[in-house]
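Participant: Residue-level listing of the chains:
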Amino acid sequence: MTETSTTIDVCPAAELPAGATRIVEADGRKIGVFNCDGALHAIEDRCSHDDGPLAEGPFDPDSCTVECPRHGSLFDLRTGRPRTLPAYLPVETFSVRIEDDTIKLEVS
Amino acid sequence: MATPEIAIARPDQLEGIKDSYEYGFHDSETDYAFKAKKGLNRAVVEEISDHKDEPQWMRDFRLKALEHFEARPMPKWAGGHMDGIDFQNIHYFVRASEKQGRTWDEVPDDIKNTFDKLGIPEAERKYLAGVGAQYESEVVYHQIREDLEKQGVIFKDMDTGLREHEDLVREYFSTVIPANDNKLAALNSAVWSGGSFVYVPPGVHVEMPLQAYFRINTENMGQFERTLIIADEGSFVHYIEGCTAPTYTTDSLHSAVVEIVCKPGSRVRYTTIQNWSHNVYNLVTKRAVAHERATMEWIDGNLGSKLTMKYPSIYLMGEHAHGEILSIAFAGNGQHQDAGGKCVHIAPNTTSTITSKSISKDGGRASYRGLLEVAPGATGSKSKVVCDALLLDEESRSDTYPTIRIGEDDVDVGHEATVSKIGEEQLFYLMSRGLTEEEASGMIVGGFIEPFTRELPMEYAVEMNRLIELQMEGSIG
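Taken in order, these protein sequences are the chains called A and B.
For the first sequence, numbering that gives the first Met the number 0 gives the first residue as 0, with consecutive numbering after it.
For the second sequence, numbering that gives the first Met the number 0 gives the first residue as 0, with consecutive numbering after it.
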């Protein structure tokens, strides 16, 4: 079986500078896109601990982490893995790139 | 053979309890170095940080935690039991002594006398590898055996641990229990003071226990110690904590956070004998992570306090990790012991046991609240949960709130629960052997909690049995 993926335009690259974040909707899912000092990362907006929202939590571009606003688990945006409890399962990550000055997100 | 009918002992046989709490005395506060005004706000948190001359990251951590505490409502699942706490009627930081003693002679006389009455210096001489004694907000005495220090074992109070081992503390602090984990963890994170910092190097076995003792003296006191234990690969340590407080007509609050990291192949045993006076709210968050082949054991005894809400947890992160929780709770008149434990199986072939024993008498209420979770992928995991409750009269209450979540098919999970009463036939049998009714009841209770006492070092088992006897004293009319 071949997985199909959809590419979504997030926003012009200039609108997501270093340290900025944006939440987009794709295929009925919310996805957080983060700019960690020039490197773009995207994770699902769902904490693996209790399925609450994740991407609007405090974002630290220096350590490239986001903190779950509900119970404080710290997620590594590069891998989707939690660095602290109470979450222990990783969240889904997505490929994100800049093409023609536009941030593009690939959702499978 | 027919099962004998178990009748309940008559209420008039069991009613009444003597005020048997022997640690309800308090000392003078005239020589205290500092006592913060009652109440919680940003200035109080900054004042605590100033007193401790902390690094900026810890100060920022505290202030952020205060925001979390203020933003969070009281947990709904607590059923309103915590609503009686007035967070603005508490002293959040009290420094009894300017200096920490390395010998008991360096501790102020009043405080030393109190710890003498509690038997701590004597216990240290006889069978402990190290002792930390916290009085109010800070540790007033700390000592570890020289040979362990030479092997690289670190046993400090948490404030000293942060000053002397900042990198190690920063690497693990709040990774097991984040500040925003729950409302009380946020409170502790904002105002923490004292507690223990323990590091055991790879392969080192600390054969004799380390002990911490926590004493509240002031009325309307809040004690918020913070403990972090890191057992490196293949190491072993047994940490014991005890606590008491004076009896006042107004309430105090004890809200600790305990984080434990068991690295591969290590074993940590954490024993608690909680004996707060009956005016203390005891709301504690304790959690451990066990990596591959590591073993974590919580041996948790709750005798005192007005309300205890405490559920030691173990996250089994590595293959063949093992978790053990043994919890006993004794709820007497006016007490509510809401205890239990949580085991989360994350890696394959992990094993756990949760054993909960509760005794309720004179209208006391004991609850078991627990979680057993098996994550997807944790194949071959095994767990057994056993909850036994003993009700000593008609007025007392026992509740069980078990949660079991299984995300994997290939597991072996069991849950057993019993509620029993002391029967007249049991009493008659023992009394026909020459015991008084009080002795017979005490023996039945002693037998009921034997799985707990047999896990304690002998001196503590003797003390535990004595405390149970005191609780039982006067229970036969």
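Read the hints as simulated data drawn from the structure, not as lab findings.
These figures come from a predicted structure and were not determined experimentally.
We put the beta carbon where it would ideally sit given N, CA and C, even for glycine.
Mixed in with the good hints there might be a few duds.
[Unchecked claim] Simulated DEER-style distance windows between Cβ atoms: (1) A:Ser107 to B:Gly78: 39 to 47 Å; (2) A:Thr6 to B:Asp52: 18 to 26 Å; (3) A:Ser94 to B:Glu66: 44 to 52 Å.
[Unchecked claim] Taking lysine to aspartate or glutamate pairs in the DMTMM-like style, the calculated list, with each CA pair at most 25 Å apart, reads: (4) B:Lys63 to A:Asp49; (5) B:Lys75 to A:Asp49; (6) B:Lys383 to B:Glu318; (7) B:Lys63 to A:Asp61; (8) B:Lys149 to B:Asp115; (9) B:Lys305 to B:Asp104; (10) B:Lys51 to B:Asp104; (11) B:Lys63 to A:Glu105; (12) B:Lys75 to A:Asp50; (13) B:Lys75 to A:Glu55; (14) A:Lys29 to A:Glu55; (15) B:Lys63 to A:Glu14; (16) B:Lys63 to A:Asp100; (17) B:Lys381 to A:Asp49; (18) B:Lys381 to B:Glu407; (19) B:Lys63 to A:Glu55.
[Unchecked claim] In silico negatives: residues of chain A with every beta carbon more than 10 Å from chain B: (20) Thr5; (21) Leu15; (22) Gly18; (23) Ala38; (24) Glu55; (25) Gly79; (26) Tyr87.
Participant: If a hint holds in the structure, say so; if it does not, say that too.
Facilitator: Taking the hints in turn, this is what the structure says about them:
A hinted range of 39 to 47 Å for the beta carbons of Ser107 (chain A) and Gly78 (chain B) is consistent with their spacing of about 44 Å. In this structure, Thr6 (chain A) and Asp52 (chain B) break the distance hint of 18 to 26 Å, their C-beta atoms being roughly 54 Å apart. A hinted range of 44 to 52 Å is violated for the C-beta pair Ser94 (chain A) and Glu66 (chain B), which are about 35 Å apart. With a CA separation close to 22 Å, the supplied pair Lys63 (chain B) and Asp49 (chain A) stays within the 25 Å bound.
Straight-line distance between C-alpha atoms of Lys75 (chain B) and Asp49 (chain A) comes to about 16 Å, which keeps the hinted pair within the 25 Å bound. Pair hint Lys383 (chain B) plus Glu318 (chain B) holds up; C-alpha atoms about 18 Å apart against a cutoff of 25 Å. At most 25 Å may separate the alpha-carbon atoms for a hinted pair to count; Lys63 (chain B) and Asp61 (chain A) meet this at roughly 18 Å. Between Lys149 (chain B) and Asp115 (chain B), the direct Cα distance comes to roughly 28 Å. Violation of the 25 Å bound is thereby established for this hinted pair.
With a C-alpha separation of about 34 Å, the suggested pairing of Lys305 (chain B) with Asp104 (chain B) is violated against the 25 Å cut-off. In summary, the hint linking Lys51 (chain B) to Asp104 (chain B) is supported, as the alpha carbons are separated by about 24 Å, within the 25 Å threshold. Of the pairs offered as hints, the one joining Lys63 (chain B) and Glu105 (chain A) is violated, with about 35 Å between alpha carbons and a cut-off of 25 Å exceeded. A hinted pair counts as satisfied when its Cα atoms are at most 25 Å apart, and Lys75 (chain B) with Asp50 (chain A) qualifies at roughly 19 Å.
Restraint check for Lys75 (chain B) and Glu55 (chain A): satisfied, since their Cα atoms lie roughly 24 Å apart, inside the 25 Å limit. Between Lys29 (chain A) and Glu55 (chain A) the CA atoms are separated by roughly 11 Å; this keeps the pair inside 25 Å, and the hint holds. For the hint pairing Lys63 (chain B) with Glu14 (chain A), the CA-to-CA distance comes to about 29 Å; that exceeds 25 Å, so the pair is violated. Our distance criterion of 25 Å between C-alpha atoms is broken by Lys63 (chain B) and Asp100 (chain A), whose separation comes to about 37 Å.
About 24 Å separates the Cα atoms of Lys381 (chain B) and Asp49 (chain A), which keeps this hinted pair within 25 Å; it holds. Taking the CA atoms of Lys381 (chain B) and Glu407 (chain B), the gap is about 11 Å. The hint holds against a cut of 25 Å. About 16 Å separates the Cα atoms of Lys63 (chain B) and Glu55 (chain A), which keeps this hinted pair within 25 Å; it holds. Separation of Thr5 (chain A) from chain B is adequate, the least Cβ-Cβ distance of about 26 Å exceeding the 10 Å criterion.
Interface exclusion of Leu15 (chain A) from chain B stands, the closest Cβ pair being 25 Å apart, more than 10 Å. Non-interface call for Gly18 (chain A) relative to chain B: holds, since the shortest CB-CB distance, roughly 18 Å, exceeds 10 Å. For Ala38 (chain A), the requirement that its beta carbon stay farther than 10 Å from each beta carbon of chain B is met, with the minimum near 24 Å. Every beta carbon of chain B lies more than 10 Å from that of Glu55 (chain A), the smallest distance being close to 14 Å; the non-interface claim holds.
Distance check for Gly79 (chain A) against chain B: the nearest CB is about 16 Å away, which clears 10 Å, and the non-interface claim stands. Listed as a non-interface residue, Tyr87 (chain A) fails to keep its Cβ farther than 10 Å from every Cβ of chain B; the least gap is roughly 5 Å.
Going down the numbered hints, you'll see the structure goes against 2, 3, 8, 9, 11, 15, 16, 26, while the others check out.
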